[in-house]
Amino acid sequence: MNFLPVILWSDALVFLLVAAAGVMAWHVRRHEHLLLPWRRVAQSGMAMVSLLVLSLFLLVGGLDTLHYRVALPHSNGSEAVYSPEVLSVLDKLAGPLRQHAEKTYSAPLALALYAKESFTDAQGRLVRDYPRLQYGGAHLADASQRDGDVIHRALAGALAGVLVCALLLAALHLVARGLGLGIPQSGTKEFAARRAVSIAALLLAALIGATFNLASVYHVLGTDKVGQDVLYLSLKSIRTGLVIGTVTTLVTLPLALFLGVAAGYFRGWVDDLIQYVYTVLSSIPSVLLIAAAVLMMQVTIDTHPDWFDTAASRADLRLVALCLILGMTSWTGLCRLLRGETLKLREMEYIQAAQSFGVSSLRILSRHIIPNVMHIILIAVVMDFSSLVLAEAVLSYVGVGVDPSMISFGTMINGARLEMGREPMVWWALAAAFGFMLVLVLAANLFADVVRDAFDPRLNRM
Amino acid sequence: MIAYLIRRILYAIPILLGVNLLTFALFFVVNTPDDMARMQLGIKRVTPEAIEKWKQQRGYDRPLMFNTVASGADKLTETIFWQKSASMFVLDFGYSDDGRSISREIATRMGPSLAIALPSFLIGQLVYISFALLMTMFRATALDMAGVALCVLLMSISTLFYIIGGQFLVSKLWHLVPISGYAGGMEGLRFLVLPIVIGVVGGIGSSSRWYRTIFLEEIGRDYVRTARAKGLSELTVLFRHVLKNAMIPILTGVVVVIPLLFMGSLLTESFFGIPGLGSYTIDAINAQDFSVVRAMVFLGSLLYVVGLILTDISYTLVDPRVRLQ
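Same order as they appear, the protein sequences are chains A and B. Number 462 marks the last residue of the first sequence (this note's numbering); no jumps. Number 1325 marks the last residue of the second sequence (this note's numbering); no jumps.
In isolation and in its complexed conformation, chain A is listed as follows (with noise of 0.2 Å):
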């Protein structure tokens, strides 16, 4: 074997988080009542182009989640040695995108770096001019030939792109055919959802056809100070942000549910008690007990080197812990939520019937009150999700975010905002984070909307 596989600690989160939506996705499959708002997510042609965008996301994020760490070469019969770089299985497909580091600043599909040098030209000769980039369209003999081959590449993409996805939405639907399952009438609001995707997936296969033949030959999104590929960067910081808007929710929900159902179905000191807990949270405004609680797992960090067997592990149990914190510090608000509707439900002739035959409290609670529950949370856990993407940015801005090695949007962002000074400006690291956050921020809102729209008790249709 001449690879270790790595799982680091977000990596397990990240895995225990998909086994229990998968879990809660089998569960609802069973029972028609639960799938019945899921269906009305389903006719929505917005929600379900959203979702397309996001599980792209959550693709490359997925495959940036599979770390391993290669074997180094070795003499015979030695105990195998493995590289200290642990890459995830996003680094290898990315492969050239990662390797082909320039010098420093190069503009989006440039040939020539961002700031002249002073070298010696084939005559031997000693010019000063912006030195040809050392991969970035370094096929091209002459500058003249860019633009066409730009053109010819991107077409030749996009149009591959559309013929694959084509293919494959043939392919899907020859299988949902065969399969038996129902294919929607034309003039129905699925119909209209699943062409609504159609024309989404062909879209964007296009686009990333196009991208995926640029990005082999030229740095699309041009490179950073030190040269890295920006694209590269961008899709890596999905990662960090996915695992920031999802995991902070393994420690949100537990404590909000449990506080909050138990306060409001006890009362009584329990309830006195929890609310004191979240009264106290809550007053301290977050950003500053974020930093606070930050501020200290650094000093533990970075008085315990010897935890840590490599610089990714360290970075990784950073993001871990900032979940942790995020998460420590947001549940009031779903805590609060879940407290006022329990004390609405448990005076439901329901309950009290249930209360009156002896049913025990655990059972009430865990057969009565959360499955009522469940709706809020799954709200409230679509609604976080885009503010905690957003949250990272700001606090690593703050200098309170991710460790600086990581990528993420906040460090892209970071680390380009002090180059806005610059004759020409250097702008497309900035746009690139901000264009990749937007997208993510701006799919995970439509769906979210939609999401709650379907879930609404209050909006009762159909």
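These aren't lab readings, by the way, just hints derived from the structure by calculation. All residues carry an ideal CB built from backbone N, CA and C; glycine is no exception. Treat the hints loosely; a few may be bogus.
[What the hints assert, rightly or not] Pulled a few chain A residues facing chain B out of the computed Cβ check, cut under 8 Å:
{"no.": "1", "residue": "T279"}
{"no.": "2", "residue": "L295"}
{"no.": "3", "residue": "L390"}
{"no.": "4", "residue": "V400"}
{"no.": "5", "residue": "L430"}
{"no.": "6", "residue": "L438"}
[Unchecked claim] Label pairs and their computed distance ranges (CB to CB):
{"no.": "7", "chain 1": "B", "residue 1": "E1052", "chain 2": "A", "residue 2": "R128", "range": "54 to 64 Å"}
{"no.": "8", "chain 1": "B", "residue 1": "P1249", "chain 2": "A", "residue 2": "R195", "range": "31 to 41 Å"}
{"no.": "9", "chain 1": "B", "residue 1": "L1317", "chain 2": "A", "residue 2": "R363", "range": "40 to 50 Å"}
Here the structure of chain A is known, so what remains is to put chain B in place on it, guided by the hints.
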């Protein structure tokens, strides 16, 4: 009313005590002062003497909660908890790492913070409510849909983008106002325009959408139908009835943050070089000045608790049915 207020203020004391204990635990129990000293001195220069000196300079060379060596009341007062945490109740915040009085810094930096935060807040609320009322007026039309779509788009954009983009566009390209800086008095106005505008624009998305939901909930009620039935114009209905009745949920979210305006905004102040409390906090975080961060945490929660009490009072002002007892 007076009795209620006194009770509320008394109720605030255990909350602040909780905050105090929490920050104490965060800053002194999770990591001992020795750890902090080691981190701040750097790994190389750490000697037991250096750590002792560092602790002594900052007054961290006492026991945490209980001093067994001292006698009488000193058993409790000659401790880190008493000297560093409990003293914050009388607004004695001690000294920052560069030896300045934190209380004095807070007093001088509140002005600039407020100069940005208060106008952004007031103009912001006006803009958000007007925009939300406009969407409510054209509810269920294409205009309303476009407004909501705009809100979702605006909320999906990072605050950092508003600041960086605004600075680039307005200051660098158009040269309308200076990129950053601060001056007192009327001259300072040109420095304030951009941060205030950005503060307002950054909040439009989430706030207007939230207000729109509140208004829409009110507009479906019976009293609105009655008002329309007796022949009132749609405008009168919106402003006289819907807006007034929507005040309760709006105030719940808004009044709480008024005292917190004193703290300023971390991002805005640090990007625009405003010498307010926000940039003070961010500098302290970057310099790992624990005493300043601790003071700001306590001050923040103090202001929040004040905000909660103000919220209750504001209810009685807009809703005569609410009686505080």
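Status of each hint after checking the structure:
no.: 1; hint: T279; result: holds, 6 Å
no.: 2; hint: L295; result: holds, 6 Å
no.: 3; hint: L390; result: holds, 5 Å
no.: 4; hint: V400; result: holds, 6 Å
no.: 5; hint: L430; result: holds, 7 Å
no.: 6; hint: L438; result: holds, 6 Å
no.: 7; hint: B:E1052 to A:R128: 54 to 64 Å; result: holds, 57 Å
no.: 8; hint: B:P1249 to A:R195: 31 to 41 Å; result: holds, 39 Å
no.: 9; hint: B:L1317 to A:R363: 40 to 50 Å; result: holds, 47 Å
Against the hints set out earlier in the document, no violation occurs for any number.
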